[in-house]
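Chains as they are written, first to last, in our numbering: chain Z, 1 to 154; chain G, 1001 to 1682.
Some hints here could point you the wrong way.
To be verified - Computed list of chain Z residues with no C-beta within reach of chain G, every gap over 10 Å:
| # | residue |
| --- | --- |
| 1 | SER12 |
| 2 | LEU40 |
| 3 | ASP50 |
| 4 | ALA56 |
| 5 | LEU62 |
| 6 | SER81 |
| 7 | LEU86 |
| 8 | LEU89 |
| 9 | THR94 |
To be verified - Incomplete in silico selection of chain Z near chain G, CB under 7 Å:
| # | residue |
| --- | --- |
| 10 | VAL25 |
| 11 | ARG54 |
| 12 | ALA59 |
| 13 | PHE63 |
| 14 | LEU73 |
| 15 | GLY105 |
| 16 | ASP127 |
| 17 | ARG135 |
| 18 | ALA136 |
| 19 | LEU138 |
Because the hints were derived from the structure by calculation, they are not lab data. What you are looking at is a predicted structure, and each value in this text was computed from that prediction instead of being measured. Built from N, CA and C at the ideal position, the CB exists for glycine as well.
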Amino acid sequence: MRKAGTAAGRGSGLWLQGLLCGALVTLATPTALLGGVLLLPALVVYLADDTEGRPALRAVLLFGLAASLRPLLALWAGGHSMDLSLNLLSDFATPVLAWSAQGAGWLLSQLIPLLVRLTLEAQARIDIARLRAERAKLAEEWGLPTPETDASAR
Amino acid sequence: MPTPPIKPIQPRQGGPTTIAPASAPAPLIAGRYDVDFARPRPDAGGGLPAFVASDQGEGRAGLMAVQVRPGAPARAAAFAALARLDDSRLIAPLASGGVPGPDGRAAWFVICRAPPGPALWPTGAEAIRPWSEADLIGRLLRPVAAVLASLEARGMTHRALRPGNLFLDALPGTPVVLGCAWAGPPAALQPAVFEPPYMAMCGPAARGEGVIADDVYALGVTMLALALGRLPLAGLDDEAIIRRKLELGCFQALAGEARLSPMIADLVGGMLAQDPEHRPTPALLADPAAARARRVAARPPRRAPRALDVAGLAVFDARSLAYAIARQPEQGAKLVRMGVADHWLRRVLGDTTLAGKIEEAQRIRATEGGAEDGPADARLVVRVVALLDPLAPLCWRGLALWPDAIGTALVAEPAEPATRARIEEVLAQDVVWTWAAARSEHCNPMALRQESKQQRAVLRQRGWAGGMPRLEHMLNPLLPCRSPLLAERPAARVDEFLPALEAVSGRAELRGAPPIDREVAAWLGARLDGRLDRDLTELGEAGTPAETALRQLGLLAQLQTRLKAPPLPGLASWLAQVAAPALEGWHNRAAQESRRQAVAEAVPSGNLRQLHAILGDPAGREADEKGFAAAEATVRHLDEQLARLAGGTGARMETALRLGQEVAAVLGLAALVAAILAAALA
Chain Z
1 MRKAGTAAGR GSGLWLQGLL CGALVTLATP TALLGGVLLL PALVVYLADD TEGRPALRAV
61 LLFGLAASLR PLLALWAGGH SMDLSLNLLS DFATPVLAWS AQGAGWLLSQ LIPLLVRLTL
121 EAQARIDIAR LRAERAKLAE EWGLPTPETD ASAR
Chain G
1001 MPTPPIKPIQ PRQGGPTTIA PASAPAPLIA GRYDVDFARP RPDAGGGLPA FVASDQGEGR
1061 AGLMAVQVRP GAPARAAAFA ALARLDDSRL IAPLASGGVP GPDGRAAWFV ICRAPPGPAL
1121 WPTGAEAIRP WSEADLIGRL LRPVAAVLAS LEARGMTHRA LRPGNLFLDA LPGTPVVLGC
1181 AWAGPPAALQ PAVFEPPYMA MCGPAARGEG VIADDVYALG VTMLALALGR LPLAGLDDEA
1241 IIRRKLELGC FQALAGEARL SPMIADLVGG MLAQDPEHRP TPALLADPAA ARARRVAARP
1301 PRRAPRALDV AGLAVFDARS LAYAIARQPE QGAKLVRMGV ADHWLRRVLG DTTLAGKIEE
1361 AQRIRATEGG AEDGPADARL VVRVVALLDP LAPLCWRGLA LWPDAIGTAL VAEPAEPATR
1421 ARIEEVLAQD VVWTWAAARS EHCNPMALRQ ESKQQRAVLR QRGWAGGMPR LEHMLNPLLP
1481 CRSPLLAERP AARVDEFLPA LEAVSGRAEL RGAPPIDREV AAWLGARLDG RLDRDLTELG
1541 EAGTPAETAL RQLGLLAQLQ TRLKAPPLPG LASWLAQVAA PALEGWHNRA AQESRRQAVA
1601 EAVPSGNLRQ LHAILGDPAG READEKGFAA AEATVRHLDE QLARLAGGTG ARMETALRLG
1661 QEVAAVLGLA ALVAAILAAA LA
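For reference, chain Z alone in the conformation it holds in the complex (with noise of 0.2 Å):
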């Protein structure tokens, strides 16, 4: 019942989300062009990423959002049409830019687990290694049985 309702839910955001676009298409067409191209690979990695929330595609469409503000903000303060819409993408500059930067966020969103991953073990690794030597301590105080008598006994 819950799945169906998810997959309800799910469908009806599918298609929300392809009457906006069609919308946007019908009535802001160089917008949706230049957005379109601009934010080419947040559409590929929302269209590949299949993971929970699909944490990455915050990152690049965000970072995506962010380089491709100033060419929108032109083509709106421009006249709004289709020939400057393709005039601005024919600047190889801007979708080389938003391209970049949709990249370093997927990139970011990549790396930055690593490196937090690297530190929670490294963290770890030392309260191992405190733990340890305060147990021996005690144990060696109190005549304790150690994890390698433990073992030897077994």
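Starting from the structure of chain Z, add chain G where the hints point.
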């Protein structure tokens, strides 16, 4: 009486003794008396081996050391009672103690003055020239009676008065000297002929202190023997002598048709009266004429015209019947139960009063159990014998003894399990009361009952501090501790105990076990009069060897303090060795090591209390236990933390992924905000 061979182990006598270390060349008794085993004194010890001794303290010679037999402890009361008796006609005890004997093994000796001359009549085997009346009275009766009066005044008896234990002075015509009678139980070496029947029927160790009248009896027999120049009833065995005395009366049995001067005959006749109450007192004997004049004319025993057959023995009078029943208790009880005895007493002997008493005993027996009830029969025999012969000793299942000889009878050697079992029954079943109540005019039944009750309580006391071993030592104040640990260094008094343990502490073979075993505990319990009973009882309770050793250390430390004993480094080392595992019980390794070091430092000082404070220390032990519990809890907590950290890799990966992506998103958002701000500002 032949003297059994001496067994040098397990001596039985005590007194102030200094035990020298094993390496010492010449250990002294009581710290001053030296024994020269190369110079024996034959016939001087009153039946026991004797050796020349000297007082090293005062340089005094003319002493002898009488060797005590194993299982025959000396008479403790004599040492205190005769300490200040200065009478040249009596060989009184001076001291006693244990030293290596002539064979090198531990033995116990009583030190006393050596006899001035040879024994009067050492063996009694061959005839001698009869003594004149003047000699008998002047050299024997008067001086010995004076000595007996002196003993009586001190509450003592001699009980070894016989020609073999009387000594002639070097000067002719001087009074005789009474020999040593203190190195064994009373009358233990007396031949039956010198003892009244009621004493002779008991075993050598079961005769008890007796009364001074028993010494008067022995003096009477001695006088008679010297007057006749031969030993009366020579050649007869003990039982025949007793029966003859009972049947004929003692004087008649011993003197027979012999010709005696009227004076001697009258005196000896009085001294050999069956009833001790009828014999002249020593004070009276000092004046023979008065003693002769006041002689009590005892009524001769009633004799039946027809004998009663008791298990093959023909008896003609009540006392002989009592003796026969005592000797054959099962058949005797049957005779009484079936009414044969009282019928014979009433119809044949004509003693209706006695017959009535026996009938009453029968009625009591009927209420106590069925025909096959052995203990009830034995109790019947006790009552009947006491009624038929109120002078007779307690007779229980073939055992005849006086209640004050229970202690010496218990430790007599060779040990007879049957005798010990009988004595246990006597105590457990309150037989002394049964016997005393049946002859209340001859004893104090309540006092005897109270005494027996105390002995029974000790017998029933559980643990190491009670039971038969303790009773044996309690009833024999000079019985040395029988523990194998102290076999080489006997200790009879409590102040000899710690030095004895110190002396044997160097023997490696003893060090595997703690220094107090069951025998030592029982002996200590008896010697300390219950002052350490609780501690001694705890010694016997189950526990690890280390716990036991620690308890013993505590007890010995108390003893060392109470007795103001000198330092005992050897014993301290022994105890430290056996109690060493107790240190393993300490959890804290640093505390354990420091205590181990402290023990090593304390041992040479020989201070057991200090050693116990280190090894015992309940407060420190409690703190150690608490610390250990806290450490255990901490370690458990640490183990949990370690396990959590070791198993948390997956969780950390998940956290890192979530956190990293959030950070990336935040950075993206920051970039977007920065772009918006830049656009707005532009």
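- Item | When the least beta-carbon distance from LEU138(Z) to chain G is tested against 7 Å, hint result | Holds - the Cβ of LEU138(Z) comes within 7 Å of chain G, reaching about 5 Å at its closest.
- Cut-off 7 Å, beta-carbon criterion: hint that ARG54(Z) touches chain G: Nearest chain G Cβ about 10 Å off; hint violated.
- Item | LEU62(Z) remote from chain G - nearest C-beta pair above 10 Å | 3 Å, violated
- With chain G as the partner, please determine if PHE63(Z) meets the hint condition of a C-beta pair closer than 7 Å. 5 Å, holds
- May I ask you to check that LEU89(Z) keeps its beta-carbon over 10 Å from the closest beta-carbon of chain G? 19 Å, holds
- Item | Beyond 10 Å from each Cβ of chain G, as asserted for SER81(Z) | Given that every Cβ of chain G is farther than 10 Å from that of SER81(Z), nearest at about 20 Å, it holds.
- Message: Over 10 Å from every CB of chain G: does LEU40(Z) meet that, or does the non-interface label fail?
- Response: Given that every Cβ of chain G is farther than 10 Å from that of LEU40(Z), nearest at about 17 Å, it holds.
- Message: The output says ASP50(Z) does not contact chain G. Does that hold with a beta carbon cutoff of 10 Å?
- Response: It holds; ASP50(Z) is separated from chain G by about 15 Å at its closest Cβ, greater than 10 Å.
- 10 Å cut-off, C-beta based - THR94(Z) kept clear of every residue in chain G: 14 Å, holds
- Item | Interface hint for ALA136(Z), Cβ within 7 Å of any Cβ on chain G | Not OK, violated: ALA136(Z) not within 7 Å of chain G, min 10 Å.
- Message: Hint LEU73(Z) vs chain G: min CB-CB distance below 7 Å?
- Response: 6 Å, holds
- Message: Holds or violated: the hint that GLY105(Z) contacts chain G, with Cβ atoms closer than 7 Å.
- Response: Holds. Min distance 5 Å.
Of the hints listed earlier, those the structure fails to meet are numbers 4, 5, 10, 11, 18, in rising order.
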